[in-house]
Amino acid sequence: MTNRASLSVVREEKLAVLIYNFDVFPRQRKVWLSNKIDDAKEVSWTKFLVDVNKFWLQRYFEGMSFMVDEKNKVVVCCSEGISVAGGEYIYKVGEDFLRQVYKERICFTWVRPCLLIYVPSLAHIPKSKEEEKRGG
Numbered sequence: 001m002t003n004r005a006s007l008s009v010v011r012e013e014k015l016a017v018l019i020y021n022f023d024v025f026p027r028q029r030k031v032w033l034s035n036k037i038d039d040a041k042e043v044s045w046t047k048f049l050v051d052v053n054k055f056w057l058q059r060y061f062e063g064m065s066f067m068v069d070e071k072n073k074v075v076v077c078c079s080e081g082i083s084v085a086g087g088e089y090i091y092k093v094g095e096d097f098l099r100q101v102y103k104e105r106i107c108f109t110w111v112r113p114c115l116l117i118y119v120p121s122l123a124h125i126p127k128s129k130e131e132e133k134r135g136g
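With full-length UniProt numbering, letter number 40 in the sequence shown gets 40, and the count goes up by one each step, no holes.
It is worth saying that the hints were derived from the structure and are not from the lab. Keep in mind the model is a prediction, meaning the values are calculated, not measured. Ideal Cβ placement from N, Cα and C applies to all residues, glycine included. Any given hint could be a false lead.
As the list claims (entries may be wrong) - With beta-carbon atoms standing in for the labels, derived distance ranges:
#: 1; residue 1: Asp96; residue 2: Ile37; range: 27 to 33 Å
#: 2; residue 1: Asn21; residue 2: Leu49; range: 17 to 23 Å
#: 3; residue 1: Trp45; residue 2: Asp96; range: 21 to 27 Å
#: 4; residue 1: Lys36; residue 2: Asn72; range: 16 to 22 Å
#: 5; residue 1: Glu95; residue 2: Leu7; range: 19 to 25 Å
#: 6; residue 1: Thr2; residue 2: Lys41; range: 27 to 33 Å
#: 7; residue 1: Asn21; residue 2: Lys133; range: 53 to 59 Å
As the list claims (entries may be wrong) - The calculated DMTMM-like cross-link candidates involving lysine to aspartate or glutamate, where the alpha carbons are at most 25 Å apart (straight line), are:
#: 8; residue 1: Lys47; residue 2: Asp23
#: 9; residue 1: Lys41; residue 2: Glu70
#: 10; residue 1: Lys36; residue 2: Glu13
#: 11; residue 1: Lys30; residue 2: Glu12
#: 12; residue 1: Lys73; residue 2: Glu13
#: 13; residue 1: Lys30; residue 2: Glu70
#: 14; residue 1: Lys30; residue 2: Glu42
#: 15; residue 1: Lys14; residue 2: Glu70
#: 16; residue 1: Lys47; residue 2: Glu12
#: 17; residue 1: Lys30; residue 2: Asp96
#: 18; residue 1: Lys71; residue 2: Glu104
#: 19; residue 1: Lys71; residue 2: Glu42
#: 20; residue 1: Lys47; residue 2: Asp96
#: 21; residue 1: Lys30; residue 2: Glu95
Using the sequences and the hints given, assemble the complete structure.
Written out as structure tokens, the structure reads:
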């Protein structure tokens, strides 16, 4: 079985995995969500309700980055173009839609597109002792 998988974090408390099966045609992509990660319980997985197989994405590559919005039932993923002219694409996939939200034509490169997830926090980051000594 030839599968590829990519991992993502959902709201700092769950994991999501995108599994792409190369052994079947048409190719199958499935998104699975874990339960809330807690030291006290085992991790279990359930299939995410958005069917990403309904829509053809440009290309899957190992380590494809993606994000899951559980509340709005949307998967956001980025893909690279197939041709040498190539490109980078970002898609939103919902229960009944596929929307290309970004496209950038690029020359052939070994750099792959990547979504970076940043969750702002109001938690105070304490100063180091060196900063306190300097008065910073």
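Hint check:
1. Asp96 with Ile37: 27 to 33 Å: For Asp96 and Ile37 the Cβ distance comes to about 30 Å; the hint holds.
2. Asn21 with Leu49: 17 to 23 Å: At 19 Å between Cβs, range holds.
3. Trp45 with Asp96: 21 to 27 Å: holds, 24 Å
4. Lys36 with Asn72: 16 to 22 Å: Because 19 Å falls inside the window, the suggested range holds.
5. Glu95 with Leu7: 19 to 25 Å: At 23 Å between Cβs, range holds.
6. Thr2 with Lys41: 27 to 33 Å: holds, 32 Å
7. Asn21 with Lys133: 53 to 59 Å: holds, 57 Å
8. Lys47 with Asp23: Holds: Lys47 and Asp23 sit about 20 Å apart, inside 25 Å.
9. Lys41 with Glu70: holds, 21 Å
10. Lys36 with Glu13: holds, 5 Å
11. Lys30 with Glu12: holds, 21 Å
12. Lys73 with Glu13: holds, 17 Å
13. Lys30 with Glu70: holds, 15 Å
14. Lys30 with Glu42: holds, 21 Å
15. Lys14 with Glu70: holds, 11 Å
16. Lys47 with Glu12: Holds, because 19 Å separates the two Cα atoms, which is no more than 25 Å.
17. Lys30 with Asp96: holds, 16 Å
18. Lys71 with Glu104: violated, 28 Å
19. Lys71 with Glu42: holds, 23 Å
20. Lys47 with Asp96: Cα-Cα ~17 Å, so holds.
21. Lys30 with Glu95: OK: Lys30 and Glu95 at ~13 Å, within 25 Å.
Hint 18 from the list above is the single one not met by this structure.
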